[in-house]
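Undergrad: One letter stands for each residue in the lines below.
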Amino acid sequence: MHTTKHSSTLPAHRYTLVVDLDRCTGCGACGTACAVENNIPPANEKATERTGTVWMRVLEAPASSAAGGPTTFVPIPCQQCDNPPCVDVCPQRAIEYDPRTGIVGQIPVRCLGCRYCMVACPYHTRSFNWWSPEWPAGMESTLNPDVSVRTRGVVEKCNFCVQRLQAARAKASAAGQKEIDPADYVPACVEACPSRALYFGDAADEKSEVAVLSKDGESFRLLAALGTGPKVFYRSSDPVVRERLSRTGVTRG
Amino acid sequence: MKLELSRRDLFLAGGGAVAGIALSPVPWKLLDDLAIWTQQPSTPTPRPAGPLAFRHTSCSLCPASCGLKARCFGAQPVGFSAVPGHPASDGGLCPLGLTAHHLAKHPFRATLPERVSGGKRERIDRAAAVATLSAALAACGKNPKRIFAVVDGRPGRSLSRTWRALATATGGLYVTPPAAGASRSLEALGKRFDGGSLALGVDFSKARRVVSFGTPVLTDAGTPGLLARLRAESRRRPAAERIEVIQVEATRSRGAALADRFVPIAPGTEAAFALGLAHVLLDEKLADAAFLAARTSGLDEFASLAARFAPALVEQKTGVPAGVVTALARDLAASLPALVLGGDPASAPLSAEAEAAIASLNLLLGAPFGPLPVRADAPREADGDAKLASATPFDALPDGSVGLLLLDATVAEGLVPWERLKRALSDGALVVSLSPFRAGLGEKATLLLPGPAPLEAMLELEGPSDAPLSTLALAPALLLPPKDLPLPEEIVREATAAAGLSLPAPSSGRAAALLASKRGRIYDPSAASFEPLAGIASVDALAELFARGACWIDDAAPEPKGRFALLREGEAPRLLEAALGAPSALPARLTTLPRESVSAAPPSLLLTKLTRETTLFTPPAAANASAARA
Amino acid sequence: MDDTLIGRGLRRTTLPRFLLWLVPWAALLALGVYAVYLCFAVGLNQTNMDNRFAFGLWIYLDLTVIALGAGAFFTGFLLYILKKKELKAVINSAVVIGFICYSGAVGILMVDVGQPLRAWFTFWHPNVHSMLTEVTFCLTLYLSVLAIEYAPLVLKNRRVKEVPGALVLEHQLHKVMVVFAGIGTLLSFFHQGSLGGLYGVLRGNPFAFRTHIGIWPTTFFLFILSAAAVGPSFVLLTTWLVGKVSKKRLVSPEVFQTLAKISGSLLLVYVVLKGIDSLIWINTASAKTGVQVSSFYAHPPFGTWVLFAEVVLLGLVPAALLLSRRVRARTGLLVLAATMACAGVVLNRYVMTIQTLALPSLPFDSFLSYSPSWQETAAFLAVLGYGVLLYSISFRWLNLFPEERELATKG
Amino acid sequence: MKLPAPVSFAVGLVPALAAGWLLFPRLLYRTEAQPLAFNHKAHAEGGMACTDCHAVAENGRFAGLPSTESCAGCHAEKGESKTINALVASYVEPGREVPWLVHARQPDNVYFPHAPHVTTGKLACTRCHGPEGESTTPRAYQVNRLSGYSRDLWGPSMTRAGRKEWQGMKMSDCIHCHRAGGRESACLDCHK
Amino acid sequence: MLPGNTDFIVDPAHLIFLGVFALVLVTVVGTLAYAIVSARRAVARGQAASILWHEEFEELPASAKACRHDLTGETPGRRCERAFDCKGCETHARLVAEAKPLPSIDAGGFFVLADRLYHRGHAWLKQEEDGTVTLGLDDLATRLVGKSAALDLPAVGERLAENGPAFRLKAGKARVRVVSPVTGEVVETGSQGMGFLLRVKPDGPLDTRALLSGREAAAFFGRERDRLQLVLSAAHGVPALADGGDLVGDLSSAIPAEDRDRVLGEMLLEA
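Chains as they are written, first to last, in the numbering used here: chain A, 89 to 341; chain B, 4 to 633; chain C, 422 to 832; chain D, 384 to 575; chain E, 10 to 280.
Hints listed in this document are in silico derivations from the structure and should not be mistaken for laboratory results. There may be inaccurate statements among the hints.
Computed Cβ-Cβ distance ranges for the label pairs, DEER-style [unchecked claim]:
#1 Ala263(A) - Leu538(C): 56 to 66 Å
#2 Val597(C) - Gly565(D): 27 to 37 Å
#3 Lys465(D) - Ala515(B): 32 to 42 Å
#4 Ser453(D) - Ala515(B): 37 to 47 Å
#5 Leu538(C) - Val119(B): 43 to 53 Å
#6 Val444(C) - Glu267(E): 17 to 27 Å
#7 Ala355(B) - Glu441(D): 23 to 33 Å
Virtual Cβ for every residue (Gly too), placed ideally from N, Cα, C.
If we strip away everything but chain A, and leave its shape as in the complex, we get (with noise of 0.2 Å):
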């Protein structure tokens, strides 16, 4: 039988991805990565940034301090939160926390499109497709063959790269072996990103990169206040950096 109840243990895999604000230049190498490996359609010509589709956004975080230091920039996938508040608010289970993985994933086809969880998420990591995603003529050719496109007025959002996952399995099955290599799962933006700026890896291995990032001083989850438990980890040397985006934020507008 299905469960929807997330399971008390911890998971064999919790899958996290640690972003380095130090290194984030804001080149967007990660957003782009995502797009062409995740089959995400060229713009609509009336998009903007607040109807696109986008599962890797950059957000530009405001000086550290009035004299200006330097500016963060923050890259903002799906949080893959470990109590996530979308996966209970979609009406049809659309969306699912894999306690294997600890992925939120979605899935398009079941999705009605009722953009419930868009409201319930905080961090505006959800994308609904206002237009019919449309490739310019040959260009389909170019599509990634291991995700398939999603239609439009659904609801998408970053998977971790699951694809690779599922590939990574495959290769594993294929070798007689049960567990992965690391290696052969690494997301697209962290594959991209020129200023290696995000690690990605398998947080319920101690040993891993992940694992010994994600739990020093200098890292921190976005709105963990909300209890949210993202899988997504910020670290910045900066104390400022850390204390400023850590906050629940409502600024004054």
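Start from chain A and add chains B, C, D and E according to the hints.
TA: Only chains B, C, D and E this time, still in chain A's reference frame:
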């Protein structure tokens, strides 16, 4: 016997029919199929075009020539990743490169020659293209006001030799674009060397502090993300070992926002600010005295010039508080070697005087040969070079004189502005572009001879001129060009012949020339290893390596003997005048996608997407154009 | 034809005048239908909603009309379950208004979703933890119940009842109406609540999130109570309005007073509970999420006046007015008080929808604005047009106010 | 004469049943011919295993159909039979891939990895594909006009009653087998 | 949603939720089905006319619901609760048992014929010797509808039900049905001139307990005259027949056209 059919019978029969349908698969199967139908996306269905394979090549979209690892199904690449350890890019790849495989399907892609006549754009066949071009070629040289000029965005390639030969044959000009970004500073510094002009590169890993006068060192400059990575890695090291980036700029650009320190200055006062720093360095005896003594000349003259730029005056000129100037100069001196770069390819270049001041500052900080190593060009075929036309700098292109302008596919509008080109043209000039796109300069051409799109042809790629070491890749094609694509080089040759001119046969001796030099190492991406070039047995073996996406990297060049002039003949008064003169108006700045301006190709539609759908980028000019037309 | 459809003894305007009255509403409906067509054919990009403002005018409209339409269930509950006989005078009208509000809301909801063809998935793969599932189930069922409650009105039409069996069916339906009233009350109770819960469960939104009582957030109960409180007020208001427009006396003044008394009492209870809830929220929101409640009201135009208006100006004040005998004696004041009560709930739904979405959550986020596109507005107005059309037709040809004839005879 | 009630009822019932059971499947499915009359049996008798042509690659991907190149390994020349002549003339010589109509092709949003089922799960090919390997000519490919998918996904029987283990490839079939084996899966394990 | 569906979740929340949903659905559908089935059954049992009459009666103004014994002053102020179906009424039975045979009384301005029985829907019934009965409109109704009224009589062979519609008539814009005092089959149709409108063969022995005659009828007509005055005055705000004198011969011409429907409906007991 008469059959009476009542309403009751009709109802019963209807009921029977309903029961019959209910007992057949119709409703249940239809329900299931309709349910599936509602889940059917009216979208393309991507299917693998063959088995999965990885292939290596290099990106040709900008001079950085990053290594590409292409994920292909059959012959179709569907995505790229960077190649860690690649000599040209060290694992970096920018958004442009990540979408290179889309460009062949770009809506602006042209696959047939196009001619603009009477304001109307029409497709023409190969013969018509040849005829048009040969007529124009034949007309050249007869009238000194209608000369031939060819602009080559990437000089030094084998194809460049053809263009030089063509310029020679027509008595025309072979034009090269100005240096981009940091290269301008390096050029200015290199020219101060008395042992002949030096080619210098930038090695960020050897610098502790980087001062950038508007150069997007954090967001762009050479290898994508390299300085940002180096700086971030140094952050967790002891304070003395940290790399710091100081951006000196009139506006808070993205690079300025990212920098450790941002020093806003009045526009056009870079020279004054640099001289102010020099003043403090010399006044407080903080400059690299050993380097100055051993490798420079004209210190006294320069010192007396710099003495005029006390921080108080600098504050008055630049708007930067005197304390900030002093503190910055002391910080630079405290963490040598430091590095100063100036100019941004996407905005107005710095004045020659500002570059001169920046060059002197680099000397005071002892940058040459450390963070600014000497580099040698990649080996080329030498034969007959002397007979070919030499390069005319783009700035020297005479106004109103060009009757036939040939723009190579590598010419990017960002470095070769159309407005400037237009000034060089005479009335009724034929502008031929070899760009595969009906965008950028390709859109401006009156005769478009579209060539292979990026990744559709084997390319000769040298790394950027500001890289610490020369690199060379003969990058294999990943995509098949469209069938019947008339190759522009062939059309040009045919037209040349038709015009009664002769051109030497196309050369393919680059690999041989490289092998003959026995310099450097070659990187094999599939093995992720380097091999000394000397160990390669034959040109064929080298060609095969290149066909697998290999990249050659030069050995470090020895430090040359000689001195840099802190000031050159008669430079001091000009510098003084420029630095003390009124600040110029704020340049109209374009914040662009990384390298957009120096790429000849329009951005992929996915980049246009990010421009439209995120707040991160302000729209680059090309994306705006595509938006307007879409 | 027309005059034989009008109930005996009821004075209605001439057919041409009636048709002329329908024209603007029909035009509104037609424009809205065109806007809806655009939304279906071209997509929801026709709206000004976006990824940040994922709910807009339509959800706000749904919440509002369903709250106002609560008069149907609550009058039914009072009449059939609590046997408040005097409400028989308005039950028909309340049912029609309820039907209009609910069918309008369901219709708009179908346009609001991106893939309406998949809407039935909610029934096939329900996630019962979602408030929206509860809303969907209850709304669908209750709309059916309202249709059943509407049927007797049609069956009693002067011409329809001549059909053999029509009046018999009406008679039988009337006998079981108590069952439907009971079910309607149950369903309304849950979906009014779950509409409140819709926002109250948003753990990621400290402005909307409320503490739980049992398994439901407090907004669940506040929505039920506020809807029940303004339902009678809205019935009062519409009855008065219909009377004004048609220039008829439709119900006796006692009915108004009964409605006002019920509305006022419930509103008072609601306001008190809302106040307590606000206090609890003010003291838990900042403690748990590190947000100062004052910062929710730091973005103009959503100042603290909103809370004041909601609780005092359009809550406590109309409650006091409705409960005052002297106010109740004067129709003008009574109508004003009922209007204020309705406005209070309209404001509450607005705040819950729009302010909730407009407030930034991430520390580097900003307060957002949203204004509906003409398509959204037209679809919204279409519901109004449809409502007026259906109500006008019902008023002309169905006997909505049983007392009307007698009041007319009395002169 | 008045018709007895059962007769009137039957007048409606019988044609409806006939239409539902006989006509409806014909309307619902469209039959398409395979490009070549491939003989699985002959190849199997020749000593070939399924995996000789349909193999799981080292990277875990299933190379579902052999390329024309691999066919040409044995059938480079015309001569042996009409089918081989057609293969050589239409595909080998022009270097085109054979556009086989794949009975088992799943919807685009489905991810079915062969490796965990075949290599790890040790399922025989026939478990899901049936006795395809014994066929002498390829079965006609039937497309559901509404969904556009192969009839094999639903199974040959309209009712799905009494179907063989290998007939039907709907999600419920996958889930039944997984549950029977105690292997729970998340949506994204099989959906992309 | 349904058990057996691969996606069906077995956990308490789902079971409770879906259970409640199913329960509500079954209740709604069941209740609706019950109402429809019982309505069908009522029609099949011939209760339609009775239900119709009761429904109509329910909506009549109070002034039209006076008990027959209220008319005669035996039980002043009594309202009929049985829709004038006196047959099962205990009060009626008791009073009839006590009452002496009613003498024939002449009512001023109306012909109250001794051989007729009057229904309060203003139809009269006359028992004929051949066992049939004839039906007609009483004097008040005849004068109310006027001479120009068009009659819509049922065809021979059609069935009438007591308190069901006997025939319809149309006078100007007014359309009204006349209630039948008897259950039976129409055997002949007449006309105003023939002295009767319908000849009906009653089902079984005639039960006339609910009909008025003699003194009751006279009182009834007096009462109806007053009621008519009220009904008319309601429309105009001034009392008609202010002199308390006799009614004019053709009442129909005295009623404003727009009120005729309402007046006729009220007087002929059609809501």
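Undergrad: Of the hints given before, which are not true for this structure?
TA: Failing hints, ascending: 1, 2, 3, 7.
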